[in-house]
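Residue numbers (the numbering used here), protein chains in the order written: chain A, 132 to 746; chain B, 9 to 367.
Please keep in mind that the hints were generated in silico from the structure rather than gathered at the bench. Treat the hints with care, since some could be wrong.
[Stated by the list, open to error] Mimicking DSS-like on lysine-lysine, the simulated pairs with C-alpha atoms at most 25 Å apart in a straight line are:
no., chain 1, residue 1, chain 2, residue 2
1, B, Lys209, B, Lys162
2, A, Lys602, B, Lys302
3, A, Lys551, A, Lys602
4, A, Lys606, B, Lys162
5, B, Lys292, B, Lys209
6, B, Lys292, B, Lys302
[As the list claims (entries may be wrong)] Okay, the calculated bits of chain B under chain A, using three or more residues with CB under 8 Å as the criterion:
no., segment
7, 65-74
8, 277-285
9, 342-353
Glycine included, C-beta positions come from ideal geometry on N, C-alpha and C.
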Amino acid sequence: MTASPSTQPAFRNTTQDNEPVINDVVIQVATSNGTGSQSANLVLLRTIFQMGVPVGGKNMFPSNIQGLPTWFTIRANAQGWTARRRDADLFVAMNVESVEEDIAALRPGATLVLHADLEKHLTRDDLIVHVVPFGRLVAEVCPDARLRRLVVNMIYVGVVAWLLELDMEEVGRAIAKQFSGKPKAADLNLAAARAGHAWAEANLPPHRPFVIRRMDRTAGKIIMDGNTAMALGLMYGGLTVFAWYPITPSSSLAEALTDFMAKYRHDAETGKATYAIVQAEDELAAIGIVTGAGWAGARAATATSGPGISLMAEIVGLAHFAEIPAVVIDVQRVGPSTGLPTRTSQGDMMSAYYLSHGDTRHPLLIPATLAECYEFAMQALDLAERLQTPVFIMSDLDLGMNLWMSEPFAPPTRPMDRGKVLTAQDLDRLGGFARYRDVDGDGIGWRTLPGTRHPKAAYFTQGAGHDDAAKRSEKPADWQNNLDRLRRKIDGARNNLPQPAIQTMDNPRAALIGYGTSDEAIAEARHILATQHATPTDYLRLRALPPADSVREFIAAHSRVFVVEQNRDAQVAAILQAEYPDLAPRIGGIVHYNGLPLDAHTVVEGVLSKGSYAP
Amino acid sequence: MSISEPAGAPAVAAAPAAKPAPTNRIGETMAAYKGAASTLCAGCGHDSITSQLIKAFFEMGISPYDVAKMSGIGCSSKTTAYFMSLSHGFNGVHGRAAAIATGSYLANRRLVHVCVSGDGDTASIGLGHFLHMLRRNLPIVYVIENNGVYGLTKGQFSATADKGSTHKKGFENEQTPIDCCALAIEMGCEYVARSFSGDVKQLVPLLKGALAHGGSAVVDVVSPCVTFNNHEGSTKSLKFARENEDPLHEVGFVPYYEPITADYAEGTTITIDLPDQSKLLLRKLEHDYDPRDKIRALELCHRAQEERLFLTGLIYHSPVRGRTLAEQMNLVDEPLAHLPEERVRPAAEVLAEVMEAYR
Ligand SMILES: Cc1ncc(C[n+]2csc(CCOP(=O)(O)OP(=O)(O)O)c2C)c(N)n1
Ligand code: SF4
Ligand SMILES: [Mg+2]
Numbered sequence: 132m133t134a135s136p137s138t139q140p141a142f143r144n145t146t147q148d149n150e151p152v153i154n155d156v157v158i159q160v161a162t163s164n165g166t167g168s169q170s171a172n173l174v175l176l177r178t179i180f181q182m183g184v185p186v187g188g189k190n191m192f193p194s195n196i197q198g199l200p201t202w203f204t205i206r207a208n209a210q211g212w213t214a215r216r217r218d219a220d221l222f223v224a225m226n227v228e229s230v231e232e233d234i235a236a237l238r239p240g241a242t243l244v245l246h247a248d249l250e251k252h253l254t255r256d257d258l259i260v261h262v263v264p265f266g267r268l269v270a271e272v273c274p275d276a277r278l279r280r281l282v283v284n285m286i287y288v289g290v291v292a293w294l295l296e297l298d299m300e301e302v303g304r305a306i307a308k309q310f311s312g313k314p315k316a317a318d319l320n321l322a323a324a325r326a327g328h329a330w331a332e333a334n335l336p337p338h339r340p341f342v343i344r345r346m347d348r349t350a351g352k353i354i355m356d357g358n359t360a361m362a363l364g365l366m367y368g369g370l371t372v373f374a375w376y377p378i379t380p381s382s383s384l385a386e387a388l389t390d391f392m393a394k395y396r397h398d399a400e401t402g403k404a405t406y407a408i409v410q411a412e413d414e415l416a417a418i419g420i421v422t423g424a425g426w427a428g429a430r431a432a433t434a435t436s437g438p439g440i441s442l443m444a445e446i447v448g449l450a451h452f453a454e455i456p457a458v459v460i461d462v463q464r465v466g467p468s469t470g471l472p473t474r475t476s477q478g479d480m481m482s483a484y485y486l487s488h489g490d491t492r493h494p495l496l497i498p499a500t501l502a503e504c505y506e507f508a509m510q511a512l513d514l515a516e517r518l519q520t521p522v523f524i525m526s527d528l529d530l531g532m533n534l535w536m537s538e539p540f541a542p543p544t545r546p547m548d549r550g551k552v553l554t555a556q557d558l559d560r561l562g563g564f565a566r567y568r569d570v571d572g573d574g575i576g577w578r579t580l581p582g583t584r585h586p587k588a589a590y591f592t593q594g595a596g597h598d599d600a601a602k603r604s605e606k607p608a609d610w611q612n613n614l615d616r617l618r619r620k621i622d623g624a625r626n627n628l629p630q631p632a633i634q635t636m637d638n639p640r641a642a643l644i645g646y647g648t649s650d651e652a653i654a655e656a657r658h659i660l661a662t663q664h665a666t667p668t669d670y671l672r673l674r675a676l677p678p679a680d681s682v683r684e685f686i687a688a689h690s691r692v693f694v695v696e697q698n699r700d701a702q703v704a705a706i707l708q709a710e711y712p713d714l715a716p717r718i719g720g721i722v723h724y725n726g727l728p729l730d731a732h733t734v735v736e737g738v739l740s741k742g743s744y745a746p
Numbered sequence: 009m010s011i012s013e014p015a016g017a018p019a020v021a022a023a024p025a026a027k028p029a030p031t032n033r034i035g036e037t038m039a040a041y042k043g044a045a046s047t048l049c050a051g052c053g054h055d056s057i058t059s060q061l062i063k064a065f066f067e068m069g070i071s072p073y074d075v076a077k078m079s080g081i082g083c084s085s086k087t088t089a090y091f092m093s094l095s096h097g098f099n100g101v102h103g104r105a106a107a108i109a110t111g112s113y114l115a116n117r118r119l120v121h122v123c124v125s126g127d128g129d130t131a132s133i134g135l136g137h138f139l140h141m142l143r144r145n146l147p148i149v150y151v152i153e154n155n156g157v158y159g160l161t162k163g164q165f166s167a168t169a170d171k172g173s174t175h176k177k178g179f180e181n182e183q184t185p186i187d188c189c190a191l192a193i194e195m196g197c198e199y200v201a202r203s204f205s206g207d208v209k210q211l212v213p214l215l216k217g218a219l220a221h222g223g224s225a226v227v228d229v230v231s232p233c234v235t236f237n238n239h240e241g242s243t244k245s246l247k248f249a250r251e252n253e254d255p256l257h258e259v260g261f262v263p264y265y266e267p268i269t270a271d272y273a274e275g276t277t278i279t280i281d282l283p284d285q286s287k288l289l290l291r292k293l294e295h296d297y298d299p300r301d302k303i304r305a306l307e308l309c310h311r312a313q314e315e316r317l318f319l320t321g322l323i324y325h326s327p328v329r330g331r332t333l334a335e336q337m338n339l340v341d342e343p344l345a346h347l348p349e350e351r352v353r354p355a356a357e358v359l360a361e362v363m364e365a366y367r
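Model the full assembly from the supplied sequences, consistent with the hints where possible.
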């Protein structure tokens, strides 16, 4: 095992020969929430995107509506790595609440754009500091004093645009897009950005350490958050009933869905809705509504976060045992309890996989990209009806609420799978049916929907023990048969769920398993490990549980495998250990659980310190 | 196809002398409305309500194929297995039938939803869902089989136990009872009735009225638990209910497809018009009570509680009809569950339009 030579982030950008670093920069803006800085940050992000440079945006916000510190981080990177990086190259300090801590946390040599009012908090001399008279600048362009608090943010857009050599034409386009339909606001904001830009040009030293130069790596791409992508997937998946109870970070999914459905899912002739969205009284009701709808034949889903998942536990067990389709989207935040409601984690993997009492287990789909949010939402609706069981989609705050780039989504190519449903005609032909009989050998019975006009159609759905004809039964053999069949059903689905994505390198010295939003940090870490630490890695990205057979093969082919996770207890590592007891000693974890998105260096350090294979 | 003679079923030779069983409006016999044999205690009030439900559905001529039977958990909730085996039933989890029924209704509102719940199921663990279901005006007949105890868990007091009513073990309930009828009125429910499992004459027309109502209809039926709450000192015992039931009026139901034959003297009868043109006829007894006045209805509930009166009958019927949940949501006429793919999957151009907006 090699000792780790360095745990220093390798991405420290230096400007030794005074050449600027091109298209590789992390910009962080500290404001207080509720001041409208989001628009300014989106303009910066969009400008870089329009200039063809891959970019991502992460908002770190407080659990509060107005007045507490919030940080927005933009990472532009020619290679497409947009995972969180630990330190910023260019920091904009606008918030008195956090300024001292913000400045203390900067890496030596970083550029600091400092609000002139905050200059007294500057205690360091190892930074490149630009003190900007934001108050005076905004007063000049914005006569209405009440609007200055909002417009001042666009001044820093201009300053940053000058510092990064952003094209002001593109800034103008980004502002026009951000304020489309509000020409007055667009004009005012453009004037502010120009004022900031002009001030910087006139007052700042000409050397700029980080610059953005046009590329063509974003052509045709979209920029979106995962919740919006998931909502689109639900709409295209033919969802008809959705029930939810507001909770960060899933609320914006329900709200995006509400907007899309209102716009695109009304009958052309009658103007009537082909969907129902209910804001329920709590998450128990939400999953109850979904289960009732699934029972009666609708494609139904709910979205929530950890606390809601906890409340849903009992009905999820009912839906599992009574075999009713349901889709549950978990946009994970940090727990236990209220935890950190506006921070990200993968802390619900274990509780969702086994949610409810008794022997329960549920298929989990785990998206890592916008496209997967869209596709898995459609697929989950199919799988739920096919498997007649609750299917979970495990997203997280980072994926759901932050901004990601993607190729545009393609319309669905396969027809909807409505699963095994018998009609009155089928019943005429068959002469009857037994609801829970495994006639096809896949553990999945056939069902009828209420309202089927046939004397053999009805059956009694219950969470109580039943035989394969759905008759109540407390016979030990009936109970056990049922449980065994349910296991066959869920286990049998493993190779029909999204399959793992495997990437290998020559002469690997470590093997990693990751899932969800850990993917982008892992990809970057693998590059760093291979190029700077002579540690090539094999990597399997899990896209669903129960794990496909290829997961077992991957683990069996490596003497040690680290599961990279954003939770304390290495939950998926534990699930895999339980799944493959014979391979359990090989499975370890690299964990990250401070509420921030995973960064590459945590993975690099994890691999180097836990030990790659001997060379 | 007749329900009682399923297609392809071997013809059963009829006993030669037997008269043909009476049939209802849709040509079905009572047999088509039967369920599995009850497993409740002999004499349980719930079984008697089951019989009245069968009678109401049969006489209304509602096809069992069109009915969805919902319930929670409890002795009462079990009873959805004991009527109408030709209907789909969903015996879910404790207290959440209202939520599950909401989903089922949204999926297929052509179904006639009937929910059977208990006082524990509705007034304790499921109280929130019950109230919110009513706020939404979910078309459903919601029957509460109210025995003042948790029967299935062996007789603990429920939240509807009256103040001063005694437990089997002798102690008294000191806590304020929850009156599901008063709450229902508060929540905007437009059809609220209270009855007694032993009052067949009253319960059947009230259930029929509820079925004809077309919005949320709550029927709170005192239904004695003969095993755990039938002792002296209980205000939900069979004896107490029989001796104290005080009907507000005599209830008659006239379906829209039958002419009014009874001849009620002017001023003695209140006619309640139901949305499908059926009528409830309320003939005055000692009380001079008009259930179309919300304030009076609430007053009545409060007075009944203060004075420990067991008043039964139609407690409230709203003279104006609010919009059902489906109407509020402007849903298409067809069941959402059965919409074909082309109606629930927007065209590819829509996706292209959305993608453009995010470029
Ligand atoms: C979550 C949950 N908690 C507790 C129970 C136990 N339990 C079953 S039925 C019941 C009470 C039923 O009372 P009620 O609804 O009044 O019905 P009754 O049996 O009196 O008809 C309880 C507490 C349960 N099934 N589920
Ligand atoms: S315990 Fe009470 S409520 Fe339950 S079946 Fe027996 S008598 Fe009825
Ligand atoms: Mg009870």
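Evaluated hints:
no., hint, result
1, B:Lys209 <-> B:Lys162, "violated, 30 Å"
2, A:Lys602 <-> B:Lys302, "violated, 44 Å"
3, A:Lys551 <-> A:Lys602, "holds, 20 Å"
4, A:Lys606 <-> B:Lys162, "holds, 23 Å"
5, B:Lys292 <-> B:Lys209, "holds, 15 Å"
6, B:Lys292 <-> B:Lys302, "holds, 19 Å"
7, 65-74, "holds (count 4)"
8, 277-285, "violated (count 0)"
9, 342-353, "holds (count 9)"
When held up to the earlier numbered hints, the structure conflicts with 1, 2 and 8 and fits the remainder.
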